[in-house]
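Participant: Let chain A serve as the given structure and place chain B on it in line with the hints.
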Amino acid sequence: MRPLRITGDIGGLPDHAFGPASLGWWGTVGFMLIEGMAFLLAAGAYFYLMSDESTWPPGGQPPSLLYGTLFTALAVLSEAPNVWLSRRTHAGDVRAIRIGLWIMVAIGVALMVIRGFEFGALNVRWHDNAYGSILWALMLMHTVHIATDLYDTVVLAVIVALHAPDSRKRSDVADNVMYWHFVVVTWLAIYVLVYLLPGHAK
Amino acid sequence: MNTARELDATWADAPGWRGWIATVDHKRIGRRYLVTAFVFFIMGGILALVMRTQLAYPNGHVVGPDRYNQLFSMHGSSMMFLFAVPVMEAVAVYIVPLMCGTRNIAFPRLNAFSYWIYLFGGIMIYAAFFLNVGPETGWFSYVPLAGPQFSPGKRTDFWAQMITFTEVAALAVAIELIVTILKMRAPGMTLARMPLFLWSMLVTSFMVVFAMPAVMLASSFLIMDRLVGTHYYNAAEGGDPLLWQHLFWFFGHPEVYIIFLPALGMVSSITQTFARRPVFGRLALVVSLVATGFLAFGLWVHHMFATGLPRMGNSFYTAASMMIALPSGVQIFCWMVTLGTGRPKFSTPLLFVIGFFITFVLGGLTGVMQASVPLDLQLHDTYFVVAHFHYVLIGGSVFPLFGAFFYWFPKFTGKALNETAGKWTFWLFFTGFNVTFFPMHIAGLQGMPRRVYTYPGDMGWGLWNLMSTAGSYLIAISMLVFIVNVVRTLRSRETAAENPWDAPDLEWAAASPPAKYNFAAVPVVTSDTPLWTERDALGALSGLRDDRPEVLITSAVEAAPQIRWGMPSPSVWPLVTALGLTVMFVWSIFTPWGIVWGAIPFAIGATVWFWPKRSQPGLESES
Chain A
1 MRPLRITGDI GGLPDHAFGP ASLGWWGTVG FMLIEGMAFL LAAGAYFYLM SDESTWPPGG
61 QPPSLLYGTL FTALAVLSEA PNVWLSRRTH AGDVRAIRIG LWIMVAIGVA LMVIRGFEFG
121 ALNVRWHDNA YGSILWALML MHTVHIATDL YDTVVLAVIV ALHAPDSRKR SDVADNVMYW
181 HFVVVTWLAI YVLVYLLPGH AK
Chain B
1 MNTARELDAT WADAPGWRGW IATVDHKRIG RRYLVTAFVF FIMGGILALV MRTQLAYPNG
61 HVVGPDRYNQ LFSMHGSSMM FLFAVPVMEA VAVYIVPLMC GTRNIAFPRL NAFSYWIYLF
121 GGIMIYAAFF LNVGPETGWF SYVPLAGPQF SPGKRTDFWA QMITFTEVAA LAVAIELIVT
181 ILKMRAPGMT LARMPLFLWS MLVTSFMVVF AMPAVMLASS FLIMDRLVGT HYYNAAEGGD
241 PLLWQHLFWF FGHPEVYIIF LPALGMVSSI TQTFARRPVF GRLALVVSLV ATGFLAFGLW
301 VHHMFATGLP RMGNSFYTAA SMMIALPSGV QIFCWMVTLG TGRPKFSTPL LFVIGFFITF
361 VLGGLTGVMQ ASVPLDLQLH DTYFVVAHFH YVLIGGSVFP LFGAFFYWFP KFTGKALNET
421 AGKWTFWLFF TGFNVTFFPM HIAGLQGMPR RVYTYPGDMG WGLWNLMSTA GSYLIAISML
481 VFIVNVVRTL RSRETAAENP WDAPDLEWAA ASPPAKYNFA AVPVVTSDTP LWTERDALGA
541 LSGLRDDRPE VLITSAVEAA PQIRWGMPSP SVWPLVTALG LTVMFVWSIF TPWGIVWGAI
601 PFAIGATVWF WPKRSQPGLE SES
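Going down the list, the sequences are from chains A and B. Going by my numbering, 190 is the number at position 190 of the first sequence; the sequence numbering is gapless. Going by my numbering, 96 is the number at position 96 of the second sequence; the sequence numbering is gapless.
Next comes chain A alone, as it looks inside the complex (with noise of 0.2 Å):
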């Protein structure tokens, strides 16, 4: 053991931070790396299906836009409580995490619902043909972060209306809130694969 002399003292730095220097939040960008790679692969299978047919989708009804669209309206418009969310984080306001945590579990929902809906009006079953595995996949993998991230924030929400949230719980909401920007982004891509490409592709 190489013996330490002690040149100096780290004891007065702060044990909490925002963004890049909290691990949570490289974690949490890891894994956005992760599944965002996941996605792209999908989208990559979803365009390789693609140039194998004449037509796009290959026989039958491409979906229909009404849910689909109502669900990306609904996803757009939440980044509203979501940014605010993220700055009454920053400023430590409780009143408003506890709020804006239960709003966002409320919209959560209320866009489970809506792709409840969207299953149905895809107008093609995953067992139908390729076309239809491939959209049900890109749809299937999109509701497991819609879910997770639900649960995610009811957890969240319990956690800060038991404990008033110390800086490492508030770090964590922030990157929630991050994490919500990564599924509404994936999702406006799904929703040009899912709904607009087919019947306007080939």
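Don't read these hints as lab results, they were simulated from the structure. Among these hints, one or two may not hold up.
Pairs of lysine to any residue, SDA-like flavour, derived with a Cα cap of 25 Å [unchecked claim]: (1) 516/B - 537/B; (2) 345/B - 592/B; (3) 154/B - 592/B; (4) 154/B - 144/B; (5) 516/B - 137/A; (6) 516/B - 4/A; (7) 516/B - 15/A; (8) 423/B - 546/B; (9) 154/B - 591/B; (10) 154/B - 137/A; (11) 345/B - 1/A; (12) 516/B - 561/B; (13) 423/B - 44/B; (14) 154/B - 119/B; (15) 516/B - 5/A; (16) 516/B - 9/B; (17) 516/B - 6/A; (18) 516/B - 546/B; (19) 516/B - 8/A; (20) 154/B - 594/B; (21) 423/B - 6/A; (22) 516/B - 13/A; (23) 516/B - 9/A; (24) 516/B - 3/A; (25) 423/B - 354/B; (26) 516/B - 456/B.
Facilitator: Same frame as chain A, now just chain B:
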């Protein structure tokens, strides 16, 4: 000494089995990972011995064709998914935090979780194998052979879920390593001074993040085609079997480098220490590692030359495949200059590194040969390919790994392995390896296809196969010598010096084996070979709390101190969560509802795991 006692109490696990299952200490988990991966290596090796025995003579009948299919499928899957990637990550889980000068790995509970998931996935696939539902379609499980029509039953489903288990584990460790390397380095350890092993693990971990999702997606599509009637790979309904190959090799080619890059980091550490001079061409080595990481993603189609791709595509991938030889060449030259201008000491670790130079260069040469499409079409699916990839994989990874094992064994245990036995291991392994795999080049050139369970006597392949079999027994003997050496060393009372090789990196500044908290204070680094620069005492910073587990977070590039970070306490919940996920994965082999119902125990486990911990509150809540 009060500080040390308090730190010991803060970082300690509970005694007995409770501490054993709840530990989040990267050293305990790293050791566990190492031992488990080595057990799978031995299992995969035994499968290989059975295959070699079968092939020793023409018309062998040790096993039948069906069992043989399972043997080579399990051998490849064990070696790639249960040994090669996990063992490299195992070494990193143990060494990286020490080399960074920190007290634990980032996300220690995730680390524990990843080990359990890996262990359960490995147990599941071997249980399936012994119950005669082992994988049967090779380690790359091509459709349509692996599809519902040609691989009925559950064999391929077990294989596909084994992929999910091991990739979840590998991805988790990759994130831990990236964050540990970028955010937990000792102050002063700028990226410019960062040891090459850390560089190699950083690049590898990013490759895992970008490559592994491809195989998880591919195998999930496969299991869906088999279980719920999707058509991703079914040409009759608009699917495409080549989609499997693209997705698989988009993972599978980087995979080779995911196994190889950590080995390069080990080679740099060993070469530097045993040449007794700083490694030559540091910048060139770092650039080569990063270049290899990028290029590795542009090669996957060279596994698919025989599928009839557009000619332009073939030319591109030929060029890319030849190009990746350049950074590998640069690195070999840098190490040779390091050794040539140093004062090399030929201990066992360095012998393994030299064995690596020879075998890896041979494997690289046959690789460049096969990058050429006309030759590849001749050699495709022959034993020449088997020879090639064993030269690059064993030569490129297993030789450096054994070198690293001898090199870091005193760090793991406080005891040094016997040198004489080590040299015997090396020479038996090196000889056995070449006797096994060199003749396969010739058998392949003579047209012997891979994956045949036997061959007729009049093909003229008998001699080469007999040689290969003899060589494989020699490898087995070398492994026996190695195991006896490890067991005897662990039993002996003789301890090694703290830094027996006079190595320059921070892991050797800790005790051997390290204290539970690794370092009593945060070491400060002023050069890229800190222990050679500061011979008497290493600069360090005080101020991390003794009464709760804390580490220092530093900035990603300059490694300047940013914040103190409370680490989680030991917990059984990562284990419970891993059990929940195991239920979910195994259940999903039989019904898709397994995903739904299995998600419940998984979610409960994860929630308790993440519930606020007393060890972590921000200080403001206490004041």
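Participant: The structure should be examined with respect to each hint, and the outcome stated for every one.
Facilitator: The hints, checked one at a time:
Pair hint residue 516/B plus residue 537/B holds up; C-alpha atoms about 21 Å apart against a cutoff of 25 Å. Of the pairs offered as hints, the one joining residue 345/B and residue 592/B is violated, with about 58 Å between alpha carbons and a cut-off of 25 Å exceeded. A distance of roughly 14 Å separates the Cα atoms of residue 154/B and residue 592/B; the hinted pair therefore holds under the 25 Å criterion. Only pairs whose Cα atoms come within 25 Å are accepted, and residue 154/B paired with residue 144/B is accepted, the gap being roughly 15 Å.
Restraint check: the Cα-Cα separation between residue 516/B and residue 137/A comes to about 45 Å, which exceeds 25 Å; the hinted pair is violated. Note on residue 516/B and residue 4/A: the hinted pairing holds, with a Cα-Cα distance of about 17 Å set against a maximum of 25 Å. Proximity of residue 516/B to residue 15/A is assessed by CA-CA distance (about 22 Å); at most 25 Å being required, the pair is judged to hold. Restraint check for residue 423/B and residue 546/B: the C-alpha separation of about 44 Å exceeds 25 Å, so the hint is violated.
About 11 Å separates the Cα atoms of residue 154/B and residue 591/B, which keeps this hinted pair within 25 Å; it holds. This hinted pair checks out: residue 154/B and residue 137/A have alpha carbons roughly 22 Å apart, not beyond 25 Å. For a cut-off of 25 Å, the pair hint linking residue 345/B to residue 1/A stands: about 23 Å separates their Cα positions. At roughly 22 Å between alpha-carbon atoms, residue 516/B and residue 561/B fall within 25 Å of each other, so this suggested pair holds.
Between the alpha carbons of residue 423/B and residue 44/B the distance comes to roughly 24 Å, so the proposed pair stays at or under 25 Å and holds. Taking the CA atoms of residue 154/B and residue 119/B, the gap is near 21 Å; set against the 25 Å cutoff, the hint holds. Simply put, residue 516/B and residue 5/A have alpha-carbon atoms about 20 Å apart, close enough for the 25 Å limit, and the pair holds. Simply put, residue 516/B and residue 9/B have alpha-carbon atoms about 9 Å apart, close enough for the 25 Å limit, and the pair holds.
Simply put, residue 516/B and residue 6/A have alpha-carbon atoms about 20 Å apart, close enough for the 25 Å limit, and the pair holds. Distance hint between residue 516/B and residue 546/B is fulfilled; the C-alpha atoms sit about 12 Å from each other, no more than 25 Å. Simply put, residue 516/B and residue 8/A have alpha-carbon atoms about 23 Å apart, close enough for the 25 Å limit, and the pair holds. A threshold of 25 Å between alpha carbons decides the hint, and for residue 154/B with residue 594/B the separation of about 15 Å falls inside it, so the pair holds.
Between residue 423/B and residue 6/A the CA atoms are separated by roughly 42 Å; this puts the pair beyond 25 Å, and the hint is violated. Taking the CA atoms of residue 516/B and residue 13/A, the gap is about 24 Å. The hint holds against a cut of 25 Å. Straight-line distance between C-alpha atoms of residue 516/B and residue 9/A comes to about 22 Å, which keeps the hinted pair within the 25 Å bound. Distance hint between residue 516/B and residue 3/A is fulfilled; the C-alpha atoms sit about 17 Å from each other, no more than 25 Å.
A distance of roughly 12 Å separates the Cα atoms of residue 423/B and residue 354/B; the hinted pair therefore holds under the 25 Å criterion. For the suggested pair residue 516/B and residue 456/B, the alpha carbons sit about 59 Å apart, so the restraint of at most 25 Å is broken.
In this structure, the earlier hints numbered 2, 5, 8, 21 and 26 are contradicted, and the remaining ones agree with it.
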